[in-house]
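K.L.:
Taking the hints into account, I'd like the entire structure generated from these sequences.
Numbered per UniProt numbering, the sequence shown finishes at 331, counting up by one with no gaps.
Do not take every clue at face value.
Here are the computed lysine-lysine pairs in the DSS-like style, where the Cα-Cα straight-line distance is at most 25 Å [as the list claims (entries may be wrong)]:
id, residue 1, residue 2
1, Lys187, Lys219
2, Lys103, Lys113
3, Lys166, Lys197
4, Lys219, Lys205
5, Lys196, Lys220
6, Lys72, Lys6
7, Lys220, Lys152
8, Lys220, Lys156
What follows is a list of derived Cβ distance ranges for each label pair [as the list claims (entries may be wrong)]:
id, residue 1, residue 2, range
9, Gln62, Lys113, 47 to 57 Å
10, Glu204, Ser4, 55 to 65 Å
11, Ser150, Glu99, 25 to 35 Å
12, Ser4, Ser136, 33 to 43 Å
13, Glu99, Asp38, 39 to 49 Å
14, Gln66, Tyr29, 19 to 29 Å
15, Glu99, Val35, 43 to 53 Å
In short, the hints are calculated from the structure, not lab data. Here the structure is a predicted model, which means the values were calculated and not measured. The beta-carbon is built from N, C-alpha and C at its ideal position, and this holds for glycine as well.
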Amino acid sequence: MTSSSKELASLIVDYLSRAAETKQVSEEYLDSVNVAVDCITEAFELEHDAVASTLKEAFNNQGLEQIVAAAKNSRSNTESATTESSENVKVNIPIEDAETKAKAEALKLEGNKAMAGKDFELAIQKYTEAIQILPSNAVYYANRAAAHSSLKDYSKAVQDAELSIKVNPSYSKGYSRLGFAQYALGKSEEALDAYKKVLDIEGEKATDAMKRDYDTAMKKVEQSLNIEKASPAAAENDSATPQAGGSGGLPDFSSMLGGGLGGLLNNPQVMQAAQQFMQNPNAMSEMMNNPALKQMADKFQSGQGTPSMADLMKDPALMDMAKNMLGGAKR
Numbered sequence: 001m002t003s004s005s006k007e008l009a010s011l012i013v014d015y016l017s018r019a020a021e022t023k024q025v026s027e028e029y030l031d032s033v034n035v036a037v038d039c040i041t042e043a044f045e046l047e048h049d050a051v052a053s054t055l056k057e058a059f060n061n062q063g064l065e066q067i068v069a070a071a072k073n074s075r076s077n078t079e080s081a082t083t084e085s086s087e088n089v090k091v092n093i094p095i096e097d098a099e100t101k102a103k104a105e106a107l108k109l110e111g112n113k114a115m116a117g118k119d120f121e122l123a124i125q126k127y128t129e130a131i132q133i134l135p136s137n138a139v140y141y142a143n144r145a146a147a148h149s150s151l152k153d154y155s156k157a158v159q160d161a162e163l164s165i166k167v168n169p170s171y172s173k174g175y176s177r178l179g180f181a182q183y184a185l186g187k188s189e190e191a192l193d194a195y196k197k198v199l200d201i202e203g204e205k206a207t208d209a210m211k212r213d214y215d216t217a218m219k220k221v222e223q224s225l226n227i228e229k230a231s232p233a234a235a236e237n238d239s240a241t242p243q244a245g246g247s248g249g250l251p252d253f254s255s256m257l258g259g260g261l262g263g264l265l266n267n268p269q270v271m272q273a274a275q276q277f278m279q280n281p282n283a284m285s286e287m288m289n290n291p292a293l294k295q296m297a298d299k300f301q302s303g304q305g306t307p308s309m310a311d312l313m314k315d316p317a318l319m320d321m322a323k324n325m326l327g328g329a330k331r
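P.N.:
Here is the structure:
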């Protein structure tokens with residue numbers, strides 16, 4: 001018989017004996033109580049004289065009634081504290097047992113160590129194992145998002161950041177990871193929204209780094225808006241500018257030689273003369289062998305600028321060709 005069993009039996013024998021002595025039960029049941037005391041004493045191999053000493057040693061002289069009353073008071077206090085705590089504290093995730101949480105935390109630390117060593121694939125593996133054990137922890141998803149970003153896999157980083165936010169909408173790191181990945185994907189407006197959420201959550205506790213992230217995204221959005229505003233004006237200018245190549249792949253002489261030729265080339269008589277000149281094989285050959293024209297073409301192709309109209313007018317050969325063109329147009 002174990003000592004704990006004898007101690008409990010001694011409590012019961014002591015209680016029943018005192019109940020009989022103080023007549024807490026009616027006369028007709030006294031014999032039954034005394035029989036119960038004898039039966040328990042015999043069954044648990046107790047000695048009547050040793051019951052008092054057992055109570056003193058094991059229960060500090062407390063009887064069964066006192067122990068039960070103390071247990072009731074303790075339970076009442078616990079329930080009151082639990083009720084008060086549940087009213088004041090909002091729990092985001094279910095309470096996990098300590099062993100499960102410890103395993104997941106150990107895997108997270110291994111992932112953090114891998115991140116420090118720039119072994120990002122191993123880090124992803126460890127964070128994934130932690131998530132499998134404890135999928136209700138937003139930190140693990142946010143950490144895995146950071147590992148994906150380190151591998152430049154920004155799409156997966158976005159997915160993990162969104163999972164982190166879903167598990168715990170008040171965890172600012174989830175939004176921070178989301179903002180970084182969205183910015184890397186070129187989605188500056190989405191990044192700005194995420195970084196703003198970080199500042200909203202942190203409030204006065206927001207760090208300088210958090211504020212810089214927001215400012216960077218804001219500047220990017222402003223640049224994009226400025227480019228969009230400038231695009232219609234640029235398109236309008238492009239439509240007003242003559243094409244770089246004319247019929248047959250010839251360069252646009254009006255843009256090449258200056259705006260002063262624009263009105264000249266819009267003259268029907270000049271254009272007719274140019275067409276007739278281009279159809280004359282001898283004239284074309286003479287033009288291609290002209291050193292001045294060759295030099296002009298070389299400069300144009302190398303991006304060194306274009307000759308002025310005044311320089312062209314000083315070339316006798318070019319002037320002769322112009323006279324022939326205009327003279328042919330009058331025929």
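K.L.:
Now, for every hint given, state plainly whether the structure supports it.
P.N.:
Hint check:
Straight-line distance between C-alpha atoms of lysine 187 and lysine 219 comes to about 13 Å, which keeps the hinted pair within the 25 Å bound. Using a Cα cut-off of 25 Å, the hinted pair lysine 103 and lysine 113 holds, with the two alpha carbons roughly 16 Å apart. Only pairs whose Cα atoms come within 25 Å are accepted, and lysine 166 paired with lysine 197 is accepted, the gap being roughly 14 Å. Restraint check for lysine 219 and lysine 205: satisfied, since their Cα atoms lie roughly 23 Å apart, inside the 25 Å limit.
Pair hint lysine 196 plus lysine 220 holds up; C-alpha atoms about 14 Å apart against a cutoff of 25 Å. A distance of roughly 24 Å separates the Cα atoms of lysine 72 and lysine 6; the hinted pair therefore holds under the 25 Å criterion. For a cut-off of 25 Å, the pair hint linking lysine 220 to lysine 152 stands: about 20 Å separates their Cα positions. Using a Cα cut-off of 25 Å, the hinted pair lysine 220 and lysine 156 holds, with the two alpha carbons roughly 23 Å apart.
Separated by about 53 Å at the C-beta atoms, glutamine 62 and lysine 113 satisfy the suggested range of 47 to 57 Å. At about 57 Å, the beta-carbon gap between glutamate 204 and serine 4 stays in the expected band of 55 to 65 Å. Distance hint for serine 150 and glutamate 99: a CB-CB separation of about 31 Å, consistent with the stated range 25 to 35 Å. At roughly 40 Å, the beta carbons of serine 4 and serine 136 sit within the given window of 33 to 43 Å.
Between glutamate 99 and aspartate 38 the beta carbons are some 48 Å apart, a value that agrees with the proposed interval 39 to 49 Å. Between glutamine 66 and tyrosine 29 the C-beta distance comes to about 24 Å, which sits within the given range of 19 to 29 Å. A C-beta distance of roughly 49 Å is found between glutamate 99 and valine 35, which places it inside the suggested range of 43 to 53 Å.
Of the numbered hints listed earlier, not one is contradicted by the structure.
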